[in-house]
Every structure is written in structure tokens, then in C-alpha cells.
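Trainee: These are the residues of each chain, in order.
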Amino acid sequence: MAMKKETDDRFKKFGTVSFTAITKTNDFIGHLENGKVMGTRCRDCGLEFFPPRADCFHCFSSHMEWFEVSGTGKLITYSQLEFGPVGFEDDLPYAIAILDYEDFKVFGRIAGDIPEDEITLGMEMETKVTRLPNNQLSYVFQKV
Amino acid sequence: MGKVGIIGVGQSNFVRQYPGSIRELAFEGFKDAMKHANITTGNIDASMICSAPEYDKQRSPAGIFAEYLGLNPQPTFYVESLCSSSSMGLRLAYSLVKSGLHDVVAIIGFQKMSEISSSESQERMGRGADIQWESPFGTMMPAYYAMYARAHMDAYGTTLEDLARVRVKAATYGQMNEKAVYRKPVTAEMFSDTENRMSGPVATPLRVGDCCANADGSSCIIVANEEKARAFCSKPVWILGLGAATTSVNLAGRDLFTGLTVGKQAADQAYQMAGITQKNIDVAEVHDCFTIAELMAYENLGFAKPGEGKELIRGKETYKEGTIPVNVDGGLLSKGHPIGATGGSQIRTIVLQLRDEAGEIQVRRPEIGLVHNIGGVGLYGSVTILGR
Ligand SMILES: [Zn+2]
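Quick note, the sequences are listed as chains P and H, same order. According to numbering that gives the first Met the number 0, the first sequence holds residues 0 to 143 in order. According to numbering that gives the first Met the number 0, the second sequence holds residues 0 to 387 in order.
Please keep in mind that the hints were generated in silico from the structure rather than gathered at the bench. A hint or two may mislead.
Stated by the list, open to error - According to the in silico footprint, chain H covers these stretches of chain P (three or more CB under 8 Å from chain H):
{"#": "1", "stretch": "8–20"}
{"#": "2", "stretch": "81–93"}
{"#": "3", "stretch": "96–108"}
For each residue, glycine too, the CB sits at the ideal point set by N, CA and C.
Please work from the sequences and hints to get the whole structure.
Mentor: In C-alpha cells, the structure reads:
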């Protein structure tokens, strides 16, 4: 008798509140479980994507491989929120930001333990996996 | 091929909480425009209903509106591009008229934001972002524009005082606009007074006073082909140029954080189509959902060089008496921003200006006006150039 196929809805584990459950990039969550933040690279044309994609808009290939977001990125800009959307109230205040890794950029949050007066544009930061109090998985930007 | 003209414009009052249903709200803007155009519903060949999704219980509002506004059995279409929905509706109506498929089209924009709570509304606005890769971090519209503000301030020395100046200008004219939701004066001192609500933090560096208010409202623009426009209307306003562009939703997919590429690209297209430059613009409406957005619009439209938007507001050049009056109806900051109705309201202001019907805020004999309407966080850009 065939086993009932389970739905792979791992993506609902991403962030404080995830709005997506099923995606072809669900392995992103598996990599977070293993402590790695990963993007995808097109096996056919070499283009790198972060956030990861299942499909390449450049050459229309769907042959992707994972690469690790390593090293540091430059802080382009950020904002600290004093109000949050429904479901994020307990996280306040928190800062959303963008890091520039040159070949790609990463959108995310600055680690909550960094005071705002220690944040300056242009500073080098790393992207690190974090497990949230509600047991969800995410990543944050930390000082080098 | 003939031109496409605007023969009537209208809008409801923009209010905090409209005491009626969405079809009744839409009726207000439509009725205002129909009276302005002095035509009957039988003259309208098709309607475009424009709003941002997920505010209404009603699925497919276009069908309900077509019936309630007396526009059966003519076809109706729903247009959605967040805050730029009704400008994009105008673009599509232009193409329907220009193609000869329809002679007269009504573009009705609306939003009843009070259908849901403010925090639910923020959650929906946040989901105007990339829900897979951005929204799980707890994103909100003010924080996104705040990121642009910080980058702009860092790159060019734009200050919090410059941002406050934009709000002070908006309030100067909002007080004169009887359809605006915010009609009180705002002073620079309010922003430096930590006790004042205007100076309260929302998303650093933006404060309460840097953000426009949610509102309920509707707007309506009626366009016609050249023959009908001349037959129905003694002073039609012609659509001279149209531009539209998109970019990556996720900010990680963008390269510019000191301006909106879609605003610049849409402007370049519209100037080219109209065969003019920014020097020919006599009056403009720009998408000031946040104070920083107005300064970036000055630069993206070419009214100022990149980084020099602050000089225009410091010199009061965008006041009614200045070299390029901008948002002299109070802008989104004072009028309020009922998402789907906003573009139509901006177009209405410029049409009234070009017909010398703007009353207290009338700019002296403008020949050409511009409307800059942005959807999402610089996601959709629309620029429309109108002339008498
Ligand atoms: Zn490829």
C-alpha cells in the first residue's frame, strides 16, 4: 500500500509570521535548520539569487543549486519600527534593513541586541540564522 | 488619430470613516464628475473601477458599482495597482478610447479603508510587499519609506527639518481644501516639540507628521475621444503624455534607495510622449504618501537634481507662488490617502487648475500640468501630463 504523500509546508516556519506555506524553495527552511542562510544559483547561466528562486528569469532554467550567504554585506539603509503589523507586536521595537553583498542584496532584520546608536550606514554586517521565541526560524544581521 | 480629453472630474470628501457602503461612497465621486461633465449615464460607454484589494467584503466590486451607478449594460473593468490604481485606470481608459473601442469611459477610484481596523490595514499594506521574503520580518509602509528617507538623508544631507517643511506646505493648502481629511495648520515647531503628536516616532527617521492619514474616499475622471470631448465640453483637458513603470517588489532586488526608479522612468516616458521637458510643467501633483516621497518626486521628475529636492522646499519654490507649484491642494498628507481614489483626486486637481476652476489654490494660467502617482513602495509608477 502506498504511503500517503505528506505536504511539504515547511515555509510556514519562516519569520515571526509566515504568509507562505508551500514553495519550491522550501529547502531554504531545511538549510536554516542547519544554521545556514542560502540563496540559489542557476546551474545553466550562473546567476545568483537572494532571496532564493526556483526559476531563472534570465535563461528560463529551473536547475538551481544552493549557495551559502557568507562573509559580510554593507548596510545600505534601515528603519526601526515603533509600531508593527498584527502578529508582530511582541517583537517591537525592531529594525528592518538591507545588506549589500555586491552580487545580491539581503532584506531582513538587524539583531535586536544592537542599540540603534551603534548602527551606521555603510557598516559591514553578517547574516546569521536565528530561532525566534515562538520557535520559528529566521535570520538577523549582526555586527562583525 | 485624435486626442483623448478629460471632460469631467469629481471626488467625494475624504473622511476618516465614511458613514455608508462602498457603492454609496463610489456614487459620491461619480455624481460629482457627472455633474461636472454635464452628461448622462447613457453617454458612458464603459467604466473602470479602481482600488487596492482586500479592504472590501464585496468580491468584484466593479459589477456592483456598474449597477448602482446606472452603468448597465455597459462593460466594466476592475483595475488594481495599489495606490496608483486610478492613474493606471486612466492609462487603460486612454487606450480603450484611442483604439476606438469606446468613445467615453468613466474611471472610478475608491477605497473604504475604515472597513478594517488600523492595525489590520497596516498588515494588508505590509502584504503589498513581498509576502514570502519580506513580510515575515514585520514590514510596514512607513518603515519602507523610512529606509528611503534614511538613505536620502545620509547621501545628500536632507534633514528632518526639510521633511517637516513638506508637511507644513501640505497643511498650508489642506486648510483651504474642503474635501481634505486633515484641515488643521501644521508648524515646524510641532516637529521639534517632543510632546506634540506630530513628532512622535513611527519608523525611524519618520515621525507621525511625516505620514499621510488613511481615509475613505472616491474619485471619478471621465475621458472621451476628441470629437465627443469637443461636443460635450467647452474646456476639455487633453491627455498629452503617459508613462508607467514597475520594479522589484522586494527591496533586495533594487539598486537605488535615494529615489524611485519607477517615478523617473514613468516621467521620462510621459515627457517624451508629450514632447516636452520638466521646464514646461506649470503645476504638479506628486505622490506624497510620506514627506520624503515628495522630495524624491521633485528629483525623479527633474524639478531638482538628485539630492537637491530639499533646496526647492527650503526656497518655497513648490508653494503656489513658486517656480513649480506642487500639491497645492494639500497632497496626500492633508487630503488623506484612500488608496484607490488617490490618483483620480490628483488628476482632478490638475484638471481644475487647467480649467481655471481651482478657486483659492488656483495657480496663475497654467498651460500644462503633471500627475505623479506611485503604487506600493515605489513598485508601480505612473506619470500623466495634461494640457488645456
Ligand atoms: Zn539561468
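Trainee: Hints first: check each against the structure and report whether it holds.
Mentor: Hints versus structure:
Under a criterion of three residues with beta carbons nearer than 8 Å to beta carbons of chain H, the stated coverage of the stretch 8–20 of chain P is upheld, 8 such residues being counted. Here's how the stretch 81–93 of chain P fares: 9 of its residues keep a CB closer than 8 Å to some CB of chain H, so the rule of at least three is met and the hint holds. With 8 residues carrying a beta carbon less than 8 Å from a beta carbon of chain H, the stretch 96–108 of chain P meets the three-residue requirement, and the given coverage holds.
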